[in-house]
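Enquirer: Using the sequences and the hints given, assemble the complete structure.
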Amino acid sequence: MDNKKQKLAIIIIAAVFVISAAVSAYMLLSDKGETVEIISGGKVLYTIDISREPDREIVVEYKGKKNVIAIKDHEIYMKEAECPDHTCIKTGKLSKSGVPIVCLPNKLIIKYTDNGSEGDIDATA
3 MDNKKQKLAI
13 IIIAAVFVIS
23 AAVSAYMLLS
33 DKGETVEIIS
43 GGKVLYTIDI
53 SREPDREIVV
63 EYKGKKNVIA
73 IKDHEIYMKE
83 AECPDHTCIK
93 TGKLSKSGVP
103 IVCLPNKLII
113 KYTDNGSEGD
123 IDATA
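Each position in the sequence shown, counted from 1, maps to that position plus 2 in the working numbering.
Treat the hints with care, as some may be off.
[Unchecked claim] Restricting the straight-line Cα-Cα distance to at most 27 angstroms, the calculated cross-link-like pairs of lysine-lysine (BS3-like) are: (1) K45 <-> K9; (2) K45 <-> K74; (3) K7 <-> K45; (4) K98 <-> K113; (5) K81 <-> K68; (6) K65 <-> K95; (7) K7 <-> K68; (8) K98 <-> K81; (9) K6 <-> K45; (10) K98 <-> K68; (11) K109 <-> K68; (12) K81 <-> K92; (13) K45 <-> K95; (14) K81 <-> K45; (15) K109 <-> K98; (16) K81 <-> K109; (17) K95 <-> K67.
[Said to hold, decoys possible] With beta-carbon atoms standing in for the labels, derived distance ranges: (18) Y79 <-> A16: 43 to 53 angstroms; (19) V18 <-> S53: 53 to 63 angstroms; (20) K68 <-> K95: 50 to 60 angstroms; (21) A23 <-> K45: 19 to 29 angstroms; (22) F19 <-> E77: 38 to 48 angstroms; (23) K74 <-> S22: 33 to 43 angstroms; (24) Y79 <-> V25: 27 to 37 angstroms; (25) I12 <-> V101: 39 to 49 angstroms; (26) S97 <-> V70: 51 to 61 angstroms; (27) Y64 <-> F19: 44 to 54 angstroms; (28) F19 <-> D57: 44 to 54 angstroms; (29) K95 <-> Q8: 48 to 58 angstroms; (30) K98 <-> S22: 19 to 29 angstroms; (31) R54 <-> K81: 17 to 27 angstroms.
Just so you know, the hints here were simulated from the structure itself, not pulled from any lab data. For glycine and all other residues, C-beta sits at the position ideal for the given N, C-alpha and C.
Expert: Laid out in structure tokens, this is it:
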């Protein structure tokens, strides 16, 4: 192989490596998605693409007690809750940090879905 062919091969290999690294970095650093699940009593009641959802309120009842979930400007939060401590309301808007909104007394969870990475964390914990 002559010198020009070696240089061309090295340039092609380097370009493929740089493009692969850029694509991998983009996929790892981009948002996991905009899909939110609302789960009550262990059952998924709603799966919502929050980026496309209009402003509205969702009422979820569990054993006679209700929670009011608000969606406003493509963000979701607990607006009202019939529970003693209102921790779910104090949590504020759902963030992509991985921390769900949870109302333990009413067995309600609001969380982003993330294709199983949360399950990986639970499995190692």
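Enquirer: Next step is simple, just say for each hint if it's right about the structure.
Expert: Evaluated hints:
For the hint pairing K45 with K9, the CA-to-CA distance comes to about 59 angstroms; that exceeds 27 angstroms, so the pair is violated. At most 27 angstroms may separate the alpha-carbon atoms for a hinted pair to count; K45 and K74 meet this at roughly 24 angstroms. Annotation: proposed proximity of K7 to K45 is violated, straight-line Cα distance about 61 angstroms (limit 27 angstroms). Between the alpha carbons of K98 and K113 the distance comes to roughly 9 angstroms, so the proposed pair stays at or under 27 angstroms and holds.
Between K81 and K68, the direct Cα distance comes to roughly 11 angstroms. Compliance with the 27 angstroms bound is thereby established for this hinted pair. Among the hinted pairs, K65 with K95 is consistent with the structure: their alpha-carbon atoms are about 25 angstroms apart, no more than 27 angstroms. Restraint check for K7 and K68: the C-alpha separation of about 71 angstroms exceeds 27 angstroms, so the hint is violated. With a CA separation close to 19 angstroms, the supplied pair K98 and K81 stays within the 27 angstroms bound.
Of the supplied pair hints, the one linking K6 and K45 is violated, its CA atoms being roughly 63 angstroms apart against a limit of 27 angstroms. Restraint check for K98 and K68: satisfied, since their Cα atoms lie roughly 25 angstroms apart, inside the 27 angstroms limit. Note on K109 and K68: the hinted pairing holds, with a Cα-Cα distance of about 11 angstroms set against a maximum of 27 angstroms. For a cut-off of 27 angstroms, the pair hint linking K81 to K92 stands: about 10 angstroms separates their Cα positions.
Under the criterion of a C-alpha separation no larger than 27 angstroms, the hint pairing K45 with K95 is consistent with the structure, at around 22 angstroms. Among the hinted pairs, K81 with K45 is consistent with the structure: their alpha-carbon atoms are about 21 angstroms apart, no more than 27 angstroms. For the suggested pair K109 and K98, the alpha carbons sit about 21 angstroms apart, so the restraint of at most 27 angstroms is met. Only pairs whose Cα atoms come within 27 angstroms are accepted, and K81 paired with K109 is accepted, the gap being roughly 16 angstroms.
This hinted pair checks out: K95 and K67 have alpha carbons roughly 21 angstroms apart, not beyond 27 angstroms. Range check, Y79 to A16: Cβ separation about 48 angstroms, and the 43 to 53 angstroms hint holds. Here the CB-CB span from V18 to S53 is close to 33 angstroms, at odds with the stated 53 to 63 angstroms. The supplied range of 50 to 60 angstroms is broken by K68 and K95, whose beta-carbon atoms lie about 20 angstroms from each other.
Evaluation of the 19 to 29 angstroms hint for A23 and K45 yields a failure: the beta carbon distance comes to about 42 angstroms. Under the hint 38 to 48 angstroms, the C-beta atoms of F19 and E77, about 39 angstroms apart, fit the expected range. A hinted range of 33 to 43 angstroms holds for the C-beta pair K74 and S22, which are about 40 angstroms apart. At roughly 34 angstroms, the beta-carbon separation of Y79 and V25 lies within the given 27 to 37 angstroms, and the hint holds.
The hinted window of 39 to 49 angstroms between I12 and V101 holds, with their beta carbons roughly 46 angstroms apart. Checked against the hint of 51 to 61 angstroms, the C-beta distance between S97 and V70 comes to roughly 20 angstroms, which is inconsistent with it. For the pair Y64 and F19, the beta carbons lie near 53 angstroms from each other, so the given range of 44 to 54 angstroms is met. Range check, F19 to D57: Cβ separation about 46 angstroms, and the 44 to 54 angstroms hint holds.
Restraint check, K95 to Q8: a C-beta distance of roughly 56 angstroms satisfies the suggested window 48 to 58 angstroms. Between K98 and S22 the CB atoms are about 26 angstroms apart, so this pair conforms to the stated range of 19 to 29 angstroms. As the Cβ distance of R54 to K81 is approximately 20 angstroms, the hint placing it in 17 to 27 angstroms holds.
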